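When you get a sec, could you build the whole thing from the sequences and use the hints?
Read off the chains here:
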Amino acid sequence: MQRSLVLDPKKCTGCMQCEMACSLENEGYVVPARSRIRVFAFHDEGRYAPFTCTQCSEAWCLHACPVEAITIDASTGAKVVHDTVCVGCKVCTIACPFGTINYASNSGKVIKCDLCGGEPACAHACPTGAITYQDADQTGLDRMRRWAGESLSSATAQ
Amino acid sequence: MQHVIIGNGPAGVVAADTLRKADPQASIILLGDEPEPPYGRMAIPYLLEGNIDEAGTHLRRDADHFTRHDIELRQGRVTSVDTEASELTLDGGDSLGFDHLLIATGSRPNRPPIPGIDDPRVQTCWTLADARAIAQLADKDAEVVLLGAGFIGCIVLEALAARGVKLTVVEMADRMVARMLDANAGSMLGTWCEQHGVSVRTGVSVTGVDGSGERLDVSLDDGSSLPAQLLILAAGVRPNIDFLDGSGIETDNGILVDECLHTSKPGIFAAGDVAQGRDFSTGHRMVHAIQPVAADQGRCAAMNMAVHPTAYPGGLAMNVLSTLGLVSCSFGAWDGVDGGDSTQLLDRERFRYLNLQFAADRLVGATGIGLTEHVGALRGLIQSRQRLGPWKARLQRDPTRIMEALVGCSVQL
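Going line by line, the protein sequences match chains A and B.
Here the first sequence is numbered in the numbering used here, starting from 460 and rising by one per residue.
Here the second sequence is numbered in the numbering used here, starting from 41 and rising by one per residue.
Among the clues, some could well be false.
Some, not all, of what chain B presents toward chain A, calculated at C-beta under 10 Å [claimed, not checked]: (1) 50; (2) 99; (3) 100; (4) 335; (5) 364; (6) 367; (7) 414; (8) 428; (9) 430; (10) 432; (11) 443.
Hints are computed from structural coordinates only; laboratory data are not their basis.
This structure is a prediction, so every number in the text was calculated from the model and none was measured.
For glycine and all other residues, C-beta sits at the position ideal for the given N, C-alpha and C.
Printed below as a string of structure tokens:
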């Protein structure tokens, strides 16, 4: 059973431990600006919302890549960027309608969530259960994906 | 069922892969007219910069990819299409029949009618062969003139600068990348280039090239001239449709296609730079010569060829460009719409700019300079036609909150 990250803004306290854990895991040091998961503050609503790649089946980033630098990890379903192949053209960053693949000027490559190979550091670090890693069919991601499917394109049916 | 795809660029290759999944039993033939494995022109600047080798430009990493998926690669140029007989003629005289045809022949660079332009030191930058020729001539400290500061010119500009050439850019329009960036962004990009050692001459045209001396002498319409070891032409591209003359397939600037990427002839589709399909923002049929649209259209056309009816909602204009380290991007109706309004954040000194264009409470276009975080959210907000509600006022106060707007509009807070 493939699992996905389940993000629940109602449980998020904005402690940012996910961002710290993600950057430590993926960059080797704590630098939230390079975290693949980001916590957004909604002061008007009094909420925080963690947000990252939904590993959507449309895979806009993957299809837009001109050099096949993004592939699907067969075990996790994650869309993974291969640094040695990525040329840094950034086409994926404009193709992804969720804004969850970003160009990192320090490396000249793009970065996105790869589910840490099946053990996401953000979920491990989250103290309140706002980020969990669960069986895919139990997640609320379907809503996001439906939103993507309905609102963007039917050109992706495969 | 025999599917034939003319053109092995991104649209053609994505279509072939999609067809293989959607129609496992079909025969698929992918025609290309260059003596190379399918590659991405998008990657050429990075090849010139020395970041990758030629294999790094290939659209599929695995050399056996096409064999493994039973996709037949063939080299040949199509000279005519007989839509009644469902048959192609190739340049050697061979013919090739098809049940369904995809025309993904892309575009080719314009060669402006300038005297002296046929000198071998005048190069376009379009194919791998072009890249090899440029690499021979663009040595460190070589004087290079780049004609055209459009999207392609600016991408090539970065690669040339990285090679250490002495570069002058000559652009007819009043600013850089006039078809992608608004006046603020275009002028900021020009300033940035000047500050980084590239001479930018806007509002000038090249009138002639004299190749009689050791160096080229490139004359301009303001009376001045520039010496050059290499002149690179980046004066736009146009769709490869000439071979369709007499075929009855309707063309305008490109091949006219409907929402299923079907041409005016049954069983014949078009995708990528050559297709003129519905534009998301205006509803008019336009050519979008950009990678994401090529990939989307390749997939959509293939689904329809495999008789899985699939509509393409229209190509959204979008571009991202890095010029000497400054990232610029634009989306949709970046120059605004009638009756719309806009908001912007402009910091010329720090090269930061974000302009948002609205129609009522929907985002319809955007331009950014120095923006690299969550850029795709702009596409998401525009293409989903998301009603912004309270987020419009918040974006008017702080345009950088695009990602919060996207998240706030799409998840239950």
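Right, here's what the structure says about each hint:
Interface restraint check: residue 50 (chain B) against chain A, minimum CB-CB distance 6 Å, threshold 10 Å, status holds. A distance limit of 10 Å between C-beta atoms decides the matter here; for residue 99 (chain B) the minimum to chain A is near 7 Å, and the interface restraint holds. The interface hint given for residue 100 (chain B) is met, as the beta carbon of that residue sits about 6 Å from the closest beta carbon of chain A, less than 10 Å. Taking 10 Å as the C-beta cut-off, the interface hint given for residue 335 (chain B) holds, the closest approach to chain A being about 5 Å.
Of the supplied interface hints, the one on residue 364 (chain B) is violated, with its beta-carbon coming no nearer than about 12 Å to a beta-carbon of chain A, more than 10 Å. A cut of 10 Å between beta carbons decides the hint on residue 367 (chain B): the least distance to chain A is about 7 Å, and the hint holds. With a least beta-carbon distance of about 4 Å to chain A, the hint placing residue 414 (chain B) at the interface is held under the 10 Å criterion. With its C-beta approaching chain A no nearer than about 13 Å, residue 428 (chain B) sits outside the 10 Å limit, and its interface hint is violated.
Satisfaction of the interface hint for residue 430 (chain B) is found here, the shortest Cβ-Cβ separation to chain A being roughly 7 Å, below the 10 Å cut-off. The restraint placing residue 432 (chain B) at the interface with chain A is violated, with a minimum CB-CB distance near 13 Å, outside the 10 Å limit. Annotation: interface hint on residue 443 (chain B) holds; nearest CB of chain A at approximately 5 Å, less than 10 Å.
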